[in-house]
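A.B. asks: Residue-level listing of the chains:
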Amino acid sequence: MGSLEVRNLTKDFTIRSGLKRSKLRAANDINFVLEPGKTIAIVGESGSGKSTVARMIAKLEQPTSGDILLDGTSSATRGRALVDYRHQVQMVFQDPFASLNPFHTVEHHLERPLKLHGVTRGARETKEQTYELLERVNLTPANVFAAKKPHEMSGGQRQRVAIARALAPGARFLIADEPVSMLDVSIRLSVLNLLARLQREDNLGVLYITHDLATARHFSDEIIVMLRGNIVERGPSDEVILNPRHEYTELLLAAAPNPSNHGKLRSEVRADLASTGRGSQDPLAPSGTSVR
Amino acid sequence: MDESVREHELAKSTESASPRDDFAVDGLPLEEQPATVAFANTAAVAAREIPVKRRILANLPRRSPKLIVGLVLTFGIVLFGIIGPFFVQDPKFSGNPSLQPPSPEHLLGTTQLGYDVLAQLAYGARGSLMVGLIAGIIAVVLSLAFGIVAGYFGGWTDEFLSLVTNIMLVIPGLPLIIVIASYVPSRTLLLVALVLGLTGWAGSAVVLRSQAKSLRNRDYVAAARVAGEKPVRIILVEILPNLLPLLAAQFLFAVILGILGEAGLSYLGLGPVGSITWGTMLNEAQLGTALSSGAWWWFIPPGALIALLGCGLSLINFSIDEYINPKLRLAPAAQRSVRTARKAGLEVTSNRNVNDDGVIIDAENENENAKRVGE
Amino acid sequence: MTMIPKTSPGPLTSPGHDRYVDALTPVLTARNVSIEYEVTPPVHAVKNVSLTLHRGEILGLAGESGCGKTTFAYGLNKLLKPPALMRAGEVIFHDESGKDIDVVSLEGDNLRAFRWDKISMVFQGAMNSLNPVISVRSQLFDVLTTHRPNMTKKQKVARSRELLTLVGVDPDRVNSYAHELSGGMRQRVMIAMALALQPQVMIMDEPTTALDVVVQRGILREVMRLREEFNFAVIFITHDLPMLLEISDRIAVMLRGEIVELDTSEAIYTKPQHPYTQKLLASFPSLTGERGDFVRTGDPAEGRG
Chain A
1 MGSLEVRNLT KDFTIRSGLK RSKLRAANDI NFVLEPGKTI AIVGESGSGK STVARMIAKL
61 EQPTSGDILL DGTSSATRGR ALVDYRHQVQ MVFQDPFASL NPFHTVEHHL ERPLKLHGVT
121 RGARETKEQT YELLERVNLT PANVFAAKKP HEMSGGQRQR VAIARALAPG ARFLIADEPV
181 SMLDVSIRLS VLNLLARLQR EDNLGVLYIT HDLATARHFS DEIIVMLRGN IVERGPSDEV
241 ILNPRHEYTE LLLAAAPNPS NHGKLRSEVR ADLASTGRGS QDPLAPSGTS VR
Chain B
1001 MDESVREHEL AKSTESASPR DDFAVDGLPL EEQPATVAFA NTAAVAAREI PVKRRILANL
1061 PRRSPKLIVG LVLTFGIVLF GIIGPFFVQD PKFSGNPSLQ PPSPEHLLGT TQLGYDVLAQ
1121 LAYGARGSLM VGLIAGIIAV VLSLAFGIVA GYFGGWTDEF LSLVTNIMLV IPGLPLIIVI
1181 ASYVPSRTLL LVALVLGLTG WAGSAVVLRS QAKSLRNRDY VAAARVAGEK PVRIILVEIL
1241 PNLLPLLAAQ FLFAVILGIL GEAGLSYLGL GPVGSITWGT MLNEAQLGTA LSSGAWWWFI
1301 PPGALIALLG CGLSLINFSI DEYINPKLRL APAAQRSVRT ARKAGLEVTS NRNVNDDGVI
1361 IDAENENENA KRVGE
Chain C
2001 MTMIPKTSPG PLTSPGHDRY VDALTPVLTA RNVSIEYEVT PPVHAVKNVS LTLHRGEILG
2061 LAGESGCGKT TFAYGLNKLL KPPALMRAGE VIFHDESGKD IDVVSLEGDN LRAFRWDKIS
2121 MVFQGAMNSL NPVISVRSQL FDVLTTHRPN MTKKQKVARS RELLTLVGVD PDRVNSYAHE
2181 LSGGMRQRVM IAMALALQPQ VMIMDEPTTA LDVVVQRGIL REVMRLREEF NFAVIFITHD
2241 LPMLLEISDR IAVMLRGEIV ELDTSEAIYT KPQHPYTQKL LASFPSLTGE RGDFVRTGDP
2301 AEGRG
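Top to bottom, those sequences are chains A, B and C.
Numbering follows the numbering used here, with no gaps: position 3 of the first sequence is 3.
Numbering follows the numbering used here, with no gaps: position 164 of the second sequence is 1164.
Numbering follows the numbering used here, with no gaps: position 89 of the third sequence is 2089.
Just so you know, these hints were derived from the structure itself, not from any lab.
By construction, the Cβ of each residue, glycine as well, lies at the ideal position given by its N, Cα and C atoms.
Any given hint might turn out to be false.
[As the list claims (entries may be wrong)] Calculated lysine to aspartate or glutamate pairs in the EDC-like style (CA-CA distance at most 20 angstroms, straight line): (1) 264(A) x 2018(C); (2) 2081(C) x 2109(C); (3) 1230(B) x 221(A); (4) 264(A) x 2180(C); (5) 115(A) x 84(A); (6) 1343(B) x 2142(C); (7) 264(A) x 2240(C); (8) 264(A) x 2170(C); (9) 149(A) x 1219(B); (10) 115(A) x 135(A); (11) 1343(B) x 2107(C); (12) 2154(C) x 2142(C); (13) 264(A) x 2222(C); (14) 38(A) x 238(A); (15) 1213(B) x 84(A); (16) 20(A) x 2109(C); (17) 1092(B) x 1284(B); (18) 1230(B) x 135(A).
[To be verified] Rough simulated footprint, nothing fancy, chain A against chain B, three-plus residues with beta-carbon under 8 angstroms: (19) 1220 to 1234; (20) 1238 to 1246.
With the sequences and hints as input, model every part of the structure.
C.D. replies: See the structure below:
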């Protein structure tokens, strides 16, 4: 099985403010190879260009320059060839409240890709396949969920539908753009675990876009750290997290909440204050004592 | 080793990652909008128990007095236009005595030329409704083509289509209609409707364009593109259904505009030749000096029907508005719950004795205070 | 519409917590607070919750969307608007002067004077809270003019600049408008406003949720520092339990309108008792621990709270 390769991918956005035009480089010379069965995480803060990379690979944005190669051949931008590309490369969006059409049922969302990519023939086969997809993402009983509309489901359930939709064409590569950041914390891991199981079952190549270093480490093989459109560090995930080489990665790691550090921030702050000579004297006392 | 641990744990936790788990904790944001949440909650419950048909009904506009009055007025007039002509005499029969006030023979009197006003009114309803309907359909189709296509595709398509829309928008409507209408030698009913439709779409196109522009950036449209849907299908299946209420409202508005436009044109003597509409009736009444001769039965009925139909359609429009904008629809219920909360709030009082500043002055607390001060 | 029975067991806690609390002075006490949304059917957002906040402590209030944490915080400050209604319970503020103030019975001017002066709030998403057409200066002035009518203009200017310096914003930005500031700076300005009257309690509702981690860290550090300097108590509301574990002294875990566990951060981290707390903790994989270590004890998804 081939791979999905990104070569020198660059994207410029033109910003118009009044008569002035300026260029913003959202992604600069991005290269990586995604193999089936592997996960690459792109980590960065807002504005780092990680989502732009995802949208270019999903063919929602046109790259300014560079190439996206599927199985070694340059991928198409239009026509039948583009449909073939989409057949292989699918995407899960960040916001499950926005990525499902409020007008349509779950069934509609899953049926369309099945029909479009000729996965199934005839209404019965399509229905069976739809139910099977729902069962794969643990939305059971499938017939109940198939008839639901998006607003009748919780965020986690919606995201499962979105994942099922991405799997429907039989994709080999999945781009997951912050798939759990809009979900409640207690269900995030179960959705990520679901993704991991599906990946194992279908030998999917997954591009995991996230700002969360911890899940990036646990759920991916390789981590790419992006800062203002550029890749600043990359490597095996344990390597990047445990032995960061770039100072930005170190900064991100230091900023991530870490429960095992509890109390540390306070003692740091206290030490800082002590060194500047401002202690915890209470300057509050003289202020107004009556309620009025 | 790492890998195997991970696999093991992943497998373990996915097994029990049933949807029910997250149903329990993945609640709706209660804090944000209790009124809408309550609505969503009931909708979710309904989905589980109530069959599909009922659910569709539940989604339709509530049976508000507005909607009922609007529907009664509109359907009454439409019915009158359809059935009325079968029960009245020939509207062009001039053998009646002229300018008779209402009487048992002629319920709404007769005109200067001896036509029966009720008969004219019934046939006129047909004519006016026809003009409104055709003009409405043409306007909606054009506004769809110019608005949604421009909004969805963007770029040069948008620039060009918007230019046309904007030109149509700034050309004053009635003068243009007058020019076109007076330029064409034989003005049939169809032609007048066509002219009204062609000049009345630009406003809705602007609204639809901005709507389509915002919808095209929704993730579900992007998702449809990633799934491989063609643009035409995305517009028709993903975007249009979400615009249906808006389209319905714009259609009704276009119908009202068409009927009013036709009446205006006819009153100016530029209406359809050879057909009877409420507008041509008004025009004839004016030419026949009905006003000065006090023949109120000649001009009031067509005028009143135009007003009533406009009123009825507008009321339906308001109900659609409430449907499109849940805030409008939920407003009365939300108001009610605010009122009950306020009323109930008055009953809930503090059981502490407090002074004017809200400082607690009961004895038990004095002790506590003393203790704290003592510390 | 009926009163909620007061028989529900209190939150899980540990003897260590009681010992810890004994040494502290309360500043805000909520007893058996029940809050309902008067919609049909009524929604019980907060059910019979009791909580005591102590002088100078950071109390974390953890929970997910819809658990009632924001509603409860609003109730503490009498900020609830209909259809939300406090059905029962009392909220007492123990002022420094030794007076106890019954927050529930405050009305009108007393309430206004109380609110920002004694308890201030930092809301989620500063971009929504700052007025876009008024400069930072005027907004700080507003607070000062309302509550400290005797201050001269010169004093107010000085105080505004001082406040901005305190929260780590260049005092020359005092004439800026909200849109000229980054998200992190706006949130800092909000904290400066909350600090303006030197309140004894600050309620922070997801103050850093919309921000990037690096910016978030800077703001947390600032809050911690200010707390050390001015010794106000903080109620910090968030769904991010690891962050709470780092910064707070005690943590209350809320689930469906009730506090299910209340303990010191230490105890919550080392010996979480309630299955929901355990589930929440398990939801955050450790950054530097073993791979697969994120499943802390047994099966995370089993923890049905």
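A.B. asks: Does each hint fit the structure? Answer for all of them.
C.D. replies: Quick rundown of the hints versus the structure:
With a CA separation close to 23 angstroms, the supplied pair residue 264(A) and residue 2018(C) exceeds the 20 angstroms bound. For the suggested pair residue 2081(C) and residue 2109(C), the alpha carbons sit about 17 angstroms apart, so the restraint of at most 20 angstroms is met. At roughly 35 angstroms between alpha-carbon atoms, residue 1230(B) and residue 221(A) are farther apart than 20 angstroms, so this suggested pair is violated. Distance hint between residue 264(A) and residue 2180(C) is unfulfilled; the C-alpha atoms sit about 34 angstroms from each other, more than 20 angstroms.
Of the pairs offered as hints, the one joining residue 115(A) and residue 84(A) holds, with about 13 angstroms between alpha carbons and a cut-off of 20 angstroms not exceeded. Restraint check for residue 1343(B) and residue 2142(C): the C-alpha separation of about 32 angstroms exceeds 20 angstroms, so the hint is violated. For a cut-off of 20 angstroms, the pair hint linking residue 264(A) to residue 2240(C) stands: about 17 angstroms separates their Cα positions. Restraint check for residue 264(A) and residue 2170(C): not satisfied, since their Cα atoms lie roughly 27 angstroms apart, outside the 20 angstroms limit.
At most 20 angstroms may separate the alpha-carbon atoms for a hinted pair to count; residue 149(A) and residue 1219(B) meet this at roughly 16 angstroms. Of the supplied pair hints, the one linking residue 115(A) and residue 135(A) holds, its CA atoms being roughly 19 angstroms apart against a limit of 20 angstroms. At roughly 16 angstroms between alpha-carbon atoms, residue 1343(B) and residue 2107(C) fall within 20 angstroms of each other, so this suggested pair holds. Taken as a hint, the residue 2154(C) and residue 2142(C) pair is honoured in the structure, with Cα atoms around 14 angstroms apart against an allowance of 20 angstroms.
Restraint check: the Cα-Cα separation between residue 264(A) and residue 2222(C) comes to about 14 angstroms, which is no more than 20 angstroms; the hinted pair holds. Between residue 38(A) and residue 238(A) the alpha-carbon distance is near 15 angstroms, which keeps this suggested pair within the 20 angstroms criterion. The suggested pairing of residue 1213(B) with residue 84(A) is violated, with an alpha-carbon distance near 28 angstroms, which exceeds 20 angstroms. Restraint check for residue 20(A) and residue 2109(C): the C-alpha separation of about 51 angstroms exceeds 20 angstroms, so the hint is violated.
Simply put, residue 1092(B) and residue 1284(B) have alpha-carbon atoms about 13 angstroms apart, close enough for the 20 angstroms limit, and the pair holds. Distance check on the hinted pair: residue 1230(B) and residue 135(A) sit about 28 angstroms apart at the alpha-carbon level, beyond 20 angstroms; violated. Counting residues of the region 1220 to 1234 of chain B whose beta carbon lies closer than 8 angstroms to any beta carbon of chain A gives 9, which meets the minimum of three for the stated coverage. With a threshold of 8 angstroms between beta carbons, the proposed coverage of the region 1238 to 1246 of chain B by chain A holds, since 3 of its residues qualify and at least three are required.
Violated hints for the displayed structure, listed by number in ascending order: 1, 3, 4, 6, 8, 15, 16, 18.
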